[in-house]
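S.K.: Each chain, letter by letter, is given below.
There are 2 protein chains.
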Amino acid sequence: LRPAAATNIILLLMDDMGWGDLGAFGEPSKETPNLDQMAAEGMLFLDFYTASPLCSPSRAALLTGRLPVRNGFYTTNGHARNAYTPQDVVGGIPDSELLLPELLKKAGYTNKIIGKWHLGHRAQFHPLKHGFDEWFGSPNCHFGPYDNRERPNIPVYRDWEMVGRYYEDFKIDLKTGEANLTQLYLQEALDFISKQQASQQPFFLYWAIDATHAPVYASKQFLGTSQRGLYGDAVREIDDSVGKILKHLQQLGISENTFVFFTSDNGAALISAPKQGGSNGPFLCGKQTTFEGGMREPAIAWWPGHIPAGGVSHQLGNVMDLFSTSLSLAGLQPPSDRQIDGIDLLPVILQGKLIDRPIFYYRGNELMAVRAGLYKAHYWTWSNSWEEHSKGIDFCPGQSVAGVTTHTQEEHTHLPLLFHLGRDPGEKYPLSFASEEYQQAVERISGLVQQHKDTLVPGQPQLNVCDQAVMNWSPPGCEKLGKCLKAPESDPKKCSWPH
Amino acid sequence: LRPAAATNIILLLMDDMGWGDLGAFGEPSKETPNLDQMAAEGMLFLDFYTASPLCSPSRAALLTGRLPVRNGFYTTNGHARNAYTPQDVVGGIPDSELLLPELLKKAGYTNKIIGKWHLGHRAQFHPLKHGFDEWFGSPNCHFGPYDNRERPNIPVYRDWEMVGRYYEDFKIDLKTGEANLTQLYLQEALDFISKQQASQQPFFLYWAIDATHAPVYASKQFLGTSQRGLYGDAVREIDDSVGKILKHLQQLGISENTFVFFTSDNGAALISAPKQGGSNGPFLCGKQTTFEGGMREPAIAWWPGHIPAGGVSHQLGNVMDLFSTSLSLAGLQPPSDRQIDGIDLLPVILQGKLIDRPIFYYRGNELMAVRAGLYKAHYWTWSNSWEEHSKGIDFCPGQSVAGVTTHTQEEHTHLPLLFHLGRDPGEKYPLSFASEEYQQAVERISGLVQQHKDTLVPGQPQLNVCDQAVMNWSPPGCEKLGKCLKAPESDPKKCSWPH
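Chains as they are written, first to last, in UniProt numbering: chain A, 1 to 499; chain B, 1 to 499.
Mixed in with the good hints, there may be bad ones.
Identical chains share a label here; the pair holds if one copy fits it or two copies do between them.
[Claimed, not checked] Using 25 Å as the maximum straight-line C-alpha spacing, the simulated DSS-like pairs for lysine-lysine come out as follows:
{"#": "1", "residue 1": "K494", "residue 2": "K275"}
{"#": "2", "residue 1": "K428", "residue 2": "K175"}
{"#": "3", "residue 1": "K391", "residue 2": "K175"}
{"#": "4", "residue 1": "K453", "residue 2": "K428"}
{"#": "5", "residue 1": "K453", "residue 2": "K105"}
{"#": "6", "residue 1": "K494", "residue 2": "K106"}
{"#": "7", "residue 1": "K175", "residue 2": "K275"}
{"#": "8", "residue 1": "K353", "residue 2": "K30"}
It is worth saying that the hints were derived from the structure and are not from the lab.
Construct the entire structure; sequences and hints are all you get.
M.R.: Below you can see the structure in the form of structure tokens.
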């Protein structure tokens with residue numbers, strides 16, 4: 001069934017959750033009954049990707065439908081460096097970018113973001129300036145606590161104004177891992193859905209929660225309930241919350257008019273495992289890398305009455321497709337004045353089609369790898385530097401593939417490393433350069449790369465400059481709360497992006 | 001529901017199939033719809049183990065309900081060496097061992113083995129001398145082809161006599177991977193089930209097929225149909241066959257009176273991956289090792305009308321439990337004159353109980369590790385020797401955990417390496433020796449080890465002596481076929497077990 005115009009859209013975006021963290025994807029504790037049920041009732045995507053192995057660029061890509069190298073969410077401070085939006089980053093989402101909620105507004109949608117924004121925390125980057133109507137959450141990661149002198153605690157916003165700060169008004173107990181934030185975010189979602197259902201207005205809910213990002217947290221009632229420790233407790237609470245959201249839609253009688261998609265912003269942060277990081281299943285390495293563990297994501301589409309139950313798709317999907325698919329659900333066309341990298345997945349989801357398209361694996365300013373069909377070609381390999389690795393920073397703990405998980409940046413542009421991800425999902429066995437299979441696959445992929453590079457117009461990099469003065473010293477609303485802090489003198493510098 | 005006496009029993013035992021090879025266990029190609037459906041209709045065991053990371057001892061354990069160190073399927077030729085039954089092994093299953101089919105006979109069962117026996121190939125070890133009534137299959141692995149001078153090709157038996165040899169009468173094309181053996185084994189199973197149903201006799205079918213053991217093979221109709229290459233083709237054919245067996249039971253109206261269990265003999269042989277070996281999902285290493293990848297197995301119980309659909313169990317199970325569970329299904333008691341290591345899983349399967357019991361990880365004559373609850377303590381660590389590793393023999397390709405996947409045999413008996421398999425299923429993060437958690441868990445496990453060792457009466461090792469003269473030169477029936485070969489002079493030697 002094709003959607004009625006103005007189908008509601010809910011994107012459930014996890015933070016650092018890995019492909020292997022759900023029972024439906026083979027997590028051995030199998031503690032996600034609600035997500036597994038969601039998959040059983042909907043469609044499981046096994047080959048779904050993010051556009052960056054790091055949070056901010058991934059989220060910018062999702063909301064713009066464009067690669068970070070186009071929308072500006074990257075850095076040129078070094079080669080192939082991941083960059084994001086800590087408090088001292090000066091940049092953020094450019095006004096010139098058209099975000100999904102801005103476009104959905106034209107079709108009468110009310111748009112809400114719950115949770116982490118991460119597209120810049122300065123005034124001009126505020127989500128309500130970029131199409132969202134409501135916000136409950138925060139602009140940056142929930143790192144801390146800070147001393148409010150060297151560095152302010154991260155603010156939590158309701159709509160235009162801050163309503164408190166993490167560790168002050170919104171507690172996170174780093175010792176026990178207790179925080180009730182997922183419950184707050186759940187309640188916000190349920191209330192918003194109820195309100196929209198009552199007002200008969202279509203809605204877009206972007207539920208970007210962050211309990212599985214270090215420091216990982218869970219509510220008291222979930223602490224100690226998982227076989228997997230604190231990380232598993234957080235997953236269980238999220239699973240429970242997703243179940244409640246889906247049930248709420250059904251109880252309100254709007255599940256058949258609401259498209260729900262579950263995925264994550266990047267691979268599990270193995271560097272924080274096992275207590276503060278998840279699992280990428282059988283895949284190589286994790287967050288920060290362009291190996292499968294860094295960029296292949298758990299993904300489930302759910303839409304009773306439209307998506308046949310128990311579907312499984314091998315469509316190569318990307319978080320950027322959620323932009324195009326959402327527009328399609330709203331009866332809108334994607335912008336025609338710019339390159340859009342996302343594709344409309346509705347033919348895949350509703351008719352089981354398979355669309356031939358490549359996946360580009362970027363790290364900062366560099367196209368590291370490309371997947372086409374079952375083949376993946378690495379043009380550059382790098383995990384992290386020897387210097388960092390020697391300090392115990394390891395993006396591939398317990399894994400080491402000679403010539404692949406390299407600690408120096410290795411260029412392979414003339415003879416890319418090629419893997420067949422069907423036979424070798426773990427990227428352990430590069431194909432022989434001399435084989436016919438290699439030559440045919442690389443010829444095809446190199447053509448795609450050439451076409452991509454020839455037509456690429458990189459955006460102005462937004463994540464190059466950092467300045468202590470732009471941190472969250474005095475967010476709007478701080479006066480009412482007596483929480484304004486004095487910013488230091490402005491002293492812009494090149495941001496340091498070590499990997 | 002409790003079973004009626006004389007419930008039919010089908011054990012589907014795979015060869016070198018890994019935990020991560022089924023869609024239901026997170027294999028990313030998700031090409032096992034029939035097995036996934038079997039799991040959805042039955043009970044998935046996520047913490048199910050073999051008794052040995054190698055084929056012969058695993059199978060001896062399954063059929064005797066006893067650890068290989070008790071039933072003799074081990075070697076003392078070296079420390080902690082895996083041994084099995086190649087053609088020149090002199091030993092086999094001792095007459096003093098009571099095998100499952102011998103016991104089931106007393107309850108009126110007709111017992112058939114289809115596929116690989118592997119408990120010795122000399123006359124006294126013939127499966128029909130150990131309780132089976134029928135056999136179609138072969139005594140050893142389908143290695144070859146051999147020249148019939150240095151080494152004879154492996155015979156294929158029907159019941160008491162050979163009916164041909166692999167590569168001669170039963171073709172395996174090593175170049176294309178084509179062989180129709182799984183189809184033969186499937187047809188044997190369907191015919192046997194039909195015959196038993198017609199005769200109203202209860203039956204035990206031990207379907208021990210070997211398509212996923214190197215050299216991996218599939219029938220022509222399945223070649224090239226998998227995303228995973230030849231190995232995946234073999235898995236797809238097995239999946240299809242299992243579906244046909246279950247459907248056959250349903251069509252004959254005996255599914256509610258037939259208990260079916262699917263599992264594998266040891267972890268995937270990563271040394272043969274990707275073309276000839278499977279996947280152990282998120283677990284460490286593979287076949288030949290006592291890490292989880294070597295010994296945790298995919299496992300599904302199916303019994304419509306008795307096992308609630310969609311069940312998932314974290315019971316620590318073992319292939320030896322299939323001995324005790326089968327006896328229970330037949331209304332029989334396990335032998336009381338010897339130590340039985342298997343437990344009856346019916347309370348787990350039918351009532352959802354969890355039975356507290358340890359898992360012992362043996363390699364040859366040595367207890368390498370013990371799991372109790374979610375903790376696993378390694379008393380010895382070893383993958384393989386530096387010498388073998390330097391030749392490219394790698395049981396842990398792409399994986400390396402310092403101090404864990406060691407290439408020298410490391411003793412930890414006084415301070416075992418401890419892992420929490422819930423938080424760390426990949427055995428990457430040993431717990432701190434100083435932690436209270438370590439001390440409590442190790443105290444408990446050490447008690448179990450002490451008790452186990454104190455009461456252990458090792459069996460006479462059967463896999464110490466090899467002799468070219470005992471190979472399959474002239475199996476029974478060879479005269480009729482003109483396939484008798486001349487054996488060389490007897491020259492018994494200590495078998496060489498390098499790992």
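S.K.: Against this structure, judge whether each hint is valid.
M.R.: Hint by hint, here is what the structure shows:
1. Proximity of K494 and K275 under a CA criterion of 25 Å is satisfied in neither setting, with 33 Å inside one chain copy and 48 Å between copies.
2. In this homomeric assembly, K428 and K175 come within 25 Å of each other (Cα to Cα) only across copies, at 23 Å, whereas the closest approach inside a single copy is 38 Å.
3. With identical chains, the CA atoms of K391 and K175 are at most 25 Å apart within one copy only, with a shortest distance of 24 Å there and 48 Å across copies.
4. In this assembly of identical chains, the alpha carbons of K453 and K428 never lie at most 25 Å apart, being 27 Å within a copy and 40 Å across copies at closest.
5. When the C-alpha separation of K453 and K105 is checked against a cutoff of 25 Å, the pair qualifies neither within a copy, at 33 Å, nor between copies, at 71 Å.
6. In this assembly of identical chains, the alpha carbons of K494 and K106 never lie at most 25 Å apart, being 38 Å within a copy and 82 Å across copies at closest.
7. For the identical chains of this complex, K175 and K275 are intra-copy neighbours only, at 12 Å inside a copy versus 47 Å across copies, given an alpha-carbon limit of 25 Å.
8. Within a single copy, K353 and K30 get their C-alpha atoms only as close as 30 Å, which misses the 25 Å cut-off; across copies the closest is 17 Å, which meets it.
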